[in-house]
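**Q** Residue strings, one per chain:
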Amino acid sequence: MALKDAAPKAITGNRLRDGEVVFFQSEGVWVERFDEAALFEGAEAEAALAAAKAQADRDQYAVDVYAFDVTVTGGTRIPVKTRERIRALGPTVRTDLGKQAAA
Amino acid sequence: MPLIKDGRIVEDDWVKVPDGEPVPADRPAIITFERWQAERDSFAGRNAALGVRVKSGTLAPAIAPDLERFALVAVEFPKFRDGRGFSTARELRERFGYQGEIRAVGHIIPDQYQFMMRTGFTSAEAPEGTNPESWARALTEITVAFQPSLDDPQPLSLLRRRLGV
Amino acid sequence: MNHIAPGRHAGVYTYDEIDRRFVAERVEQFRAQVERRLSGELTEEEFKPLRLMNGLYLQLHAYMLRIAVPYGVMTSRQMRKLAEIGRTYDKGYGHFTTRQNLQFNWIKLEETPDILNQLAEVDMHALQTSGNCVRNVTTDQFVGAAKDELVDGRVYAEILRQWTTLHPEFTYLPRKFKIAIMGSEKDRAAIRVHDVGVIAKRNDQGEIGFAFYAGGGLGRSPFIGKLIREWVPEEDFVGYLEAILRVYNQYGRRDNIYKARIKILVHELGQEKFTAEVEEEFARLRGPKYRLAPEIVAEIRQHFAPPPFEDLPATSVSFDGARVQNEAFARWVAVNVTEHKAPGYAVATISLKPAGGIPGDATSEQMDLVADLADRYSFGEIRVTHTQNLVLAHVKQDDLFALWTALEGAGLGTANVGLIGDIIACPGLDYCALANARSIPLAQAISARFADPARQQAIGELGIKISGCINACGHHHVGAIGILGVDKKGEEFYQITVGGDPTLTTAIGDILGPAVTADEAVDAIEAIVEVYLANRHDGERFLDTLKRTGHGPFKERVYAAH
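Protein chains in written order, with this note's numbering: chain A, 114 to 216; chain B, 802 to 966; chain C, 5 to 566.
Worth flagging that the hints you see were computed from the coordinates, not collected in a lab.
Idealized CB from N, CA, C, for every residue including glycine.
Treat each hint with caution, since some may be false.
Derived DSSO-like pairs: lysine-lysine, alpha-carbon spacing no greater than 30 Å straight-line [as the list claims (entries may be wrong)]: (1) Lys95/C x Lys856/B; (2) Lys52/C x Lys95/C; (3) Lys180/C x Lys263/C; (4) Lys166/A x Lys345/C.
Residues of chain C placed beyond 12 Å of chain B at every Cβ, according to the derived structure [what the hints assert, rightly or not]: (5) Leu54; (6) Val155; (7) Leu177; (8) Gln209; (9) Lys230; (10) Trp235; (11) Thr342; (12) Glu465; (13) Ala511; (14) Ile515; (15) Gly517.
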């Protein structure tokens with residue numbers, strides 16, 4: 114994975130039973146909102162990802178767990194890639210649906 | 802690894818012999834097809850049953866010339882998604898008239914068991930720790946088929962048929 | 005379970021207890037598989053192909069369920085059930101696809117067995133709409149109604165549907181397998197860009213037989229299908245396909261997911277060698293066991309008997325009058341309505357491409373309305389086209405005005421079928437985990453720019469197809485104008501191709517120039533249209549003008565500012 118080493122990362126997956134996009138927060142704790150996700154720097158991220166994957170697997174909790182880059186500017190965090198932005202919010206063509214609507 | 806036959810775990814009479822190790826002369830033994838090709842002459846006088854294990858890329862025509870020498874053909878599924886084995890078993894039966902045991906080995910799951918039975922497999926080597934119930938249930942879950950296959954002599958003229966259990 | 009029979013005259017295959025038993029057992033099997041997954045007995049790697057076999061994908065936001073609409077034909081009761089499922093288990097809308105299926109985007113795994121139960125009540129399912137197996141066999145959306153029809157493709161599509169259902173030998177193919185079949189002079193099913201494309205026809209004795217094409221496909225490496233056999237007699241129809249599938253199952257590549265389709269095998273072996281392999285296998289298979297007996301064909305054909313058409317005059321006074329009096333209605337007729345083989349009837353296409361709207365999407369309310377209209381005006385039968393629209397195939401000319409009025413009221417009356425506003429777009433990065441770029445917003449922007457129906461009509465036949473990634477679910481390769489979304493350094497860019505054609509004069513589009521931004525793409529389409537209109541001779545479609553002038557004038561104009 115060509116992740117910029119310096120960029121902070123978050124960890125995401127899909128909850129197994131309902132497919133909901135979830136973000137890793139702390140051991141055994143996953144949240145549905147991106148702004149509550151844990152952010153990791155550098156080498157920390159790899160270890161956190163491995164642990165999160167293992168737990169998600171073991172507990173049949175989440176699948177397709179992976180880490181992604183985040184930028185943080187003045188306290189606001191945004192995923193670097195469009196893909197993760199859309200994952201965190203919902204379809205751009207239906208702003209009445211997805212996490213963006215459940216405000 | 803538990804051997805499944807007719808939906809139940811059964812005793813395995815066969816011993817699997819890794820390449821390079823001596824082949825027991827007095828017990829049914831399975832060797833790799835590659836070993837058979839390299840050492841075939843050495844089995845000329847053999848009395849005990851011989852089985853051969855073929856990789857998924859080795860198709861029925863490749864082993865057809867020697868079929869009468871094998872009491873068992875173990876067809877390997879490197880990953881359960883590699884479905885070549887179903888065609889291999891089918892050809893061994895339909896095209897080459899093979900009557901011996903055809904065993905599915907490698908990475909297989911109970912959800913494929915009924916397909917195996919319908920394409921000519923006799924037995925399946927299940928993974929360690931498998932749930933035997935899943936294999937038993939696999940034979941009775943679906944009782945309707947939409948095509949002729951080996952376990953059923955009725956021709957295509959009957960598109961749908963009930964599967965005998 | 006409360007089974008609801010279809011309307012008596014709808015041209016679908018009517019299930020009997022054997023079919024129903026099968027679907028019920030399959031649902032229970034899947035229910036058990038879900039339980040084994042949730043308990044951990046099945047790993048995700050083992051479960052994934054199993055859930056794909058039941059049409060359940062994991063997408064960007066949730067699970068997506070793809071429901072099978074066999075050869076694109078359904079009944080009004082089935083449509084109502086889909087509307088209900090959308091309301092109960094999803095977010096009140098669904099998306100009609102380029103393979104004539106329906107997708108719901110917000111599905112939960114744990115609710116899927118219940119959804120499948122609901123579908124089973126109306127003889128529907130989601131079997132084999134995904135996975136490395138034979139998928140929904142598609143056909144011509146005007147089947148049973150078109151004037152140029154020689155053979156009703158549904159009969160053979162249904163035979164294939166049954167025969168490929170849980171086929172024990174061909175459920176773990178190297179990759180997905182898509183078959184299209186048609187029996188008319190004009191190809192409305194994109195035969196030559198399918199893994200197997202079948203043309204049903206008659207010989208001089210009036211007997212039915214088939215031409216088989218193989219190795220067509222879009223995606224990363226687009227190929228046009230090669231002719232494998234010009235004439236396969238009806239009784240060999242199934243046996244011949246079995247031979248093709250066996251050759252593919254045994255020799256298709258399994259080492260590289262991008263080289264695993266049959267098109268690669270046909271390409272690598274070459275047409276001659278591939279054909280020889282198939283013929284050799286077929287020669288072995290031929291015999292009573294694989295013979296498709298005429299009795300089976302006759303029995304299946306009975307399900308697709310034409311509805312009881314009334315004896316009507318060829319023209320309708322009220323219909324002709326309405327066209328004179330109402331310009332908008334006249335336009336809708338000119339664009340969306342096709343001639344029917346039965347006098348006094350017509351084939352009406354319902355556009356799901358309102359200007360600025362999401363192509364192919366329909367709300368549950370719209371689905372319910374279409375179901376009602378189907379009951380009232382078209383013998384309770386609805387078709388899904390591979391261009392993401394719907395069809396009411398047997399409408400009396402007398403009823404067209406009332407139908408159009410009702411459609412207009414629900415935002416379903418857009419007069420743009422086959423025109424520039426009738427854009428095919430995949431769900432793209434807004435929904436799909438595979439996408440590199442969004443496709444829907446671009447489709448919306450283009451259709452909004454060309455909203456004026458008179459302008460669309462003046463431009464004429466021009467198919468724009470948009471894909472959000474190289475998998476080409478939007479069929480961009482065969483768009484007269486094709487657009488492929490790409491990711492360039494984290495930004496969405498769009499590559500424009502021109503000259504694609506999905507019909508029998510199959511052609512893959514050629515790249516026009518460097519990729520552009522979404523805004524530039526909309527302007528580029530406008531520029532292309534202007535060049536076309538400036539250069540066209542009388543009666544020339546865009547594709548014809550392009551063939552005559554070549555890329556030159558278009559490329560120059562689009563990239564003038566660069």
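**Q** State for each hint whether it applies.
**A** A quick look at each hint next to the structure:
Proximity of Lys95/C to Lys856/B is assessed by CA-CA distance (about 48 Å); at most 30 Å being required, the pair is judged violated. With a CA separation close to 24 Å, the supplied pair Lys52/C and Lys95/C stays within the 30 Å bound. For the hint linking Lys180/C to Lys263/C, the alpha-carbon distance of about 12 Å falls within 30 Å, and the restraint holds. With a C-alpha separation of about 60 Å, the suggested pair Lys166/A and Lys345/C falls outside the 30 Å cut-off, and the hint is violated.
Annotated as non-interface, Leu54/C brings its C-beta within 12 Å of a C-beta of chain B; the closest such distance is 6 Å. Consistency note on Val155/C: stated as away from chain B, and its beta-carbon is indeed over 12 Å from all of that chain's, at 19 Å minimum. A Cβ of chain B approaches the Cβ of Leu177/C within 12 Å, the least distance being about 6 Å, so the stated non-interface status is violated. Every beta carbon of chain B lies more than 12 Å from that of Gln209/C, the smallest distance being close to 23 Å; the non-interface claim holds.
Lys230/C, annotated as away from the interface, keeps every beta carbon of chain B farther than 12 Å; the closest lies near 23 Å. No Cβ of chain B approaches the Cβ of Trp235/C within 12 Å, the least distance being about 20 Å, so the stated non-interface status holds. With a minimum CB-CB distance of about 33 Å to chain B, Thr342/C clears the 12 Å threshold, and the non-interface call stands. Distance check on Glu465/C: its Cβ is at least 40 Å (rounded) from any Cβ of chain B, clearing the 12 Å threshold; non-interface status holds.
Every C-beta of chain B lies more than 12 Å from that of Ala511/C, the closest at about 34 Å, which supports listing it as non-interface. Look at Ile515/C: its CB is around 35 Å from the nearest CB on chain B, clear of 12 Å, so calling it non-interface holds up. Every CB of chain B lies more than 12 Å from the CB of Gly517/C, the least distance being 41 Å, so the non-interface label holds.
Hint compliance for this structure: hints 1, 4, 5 and 7 are broken, all remaining hints hold.
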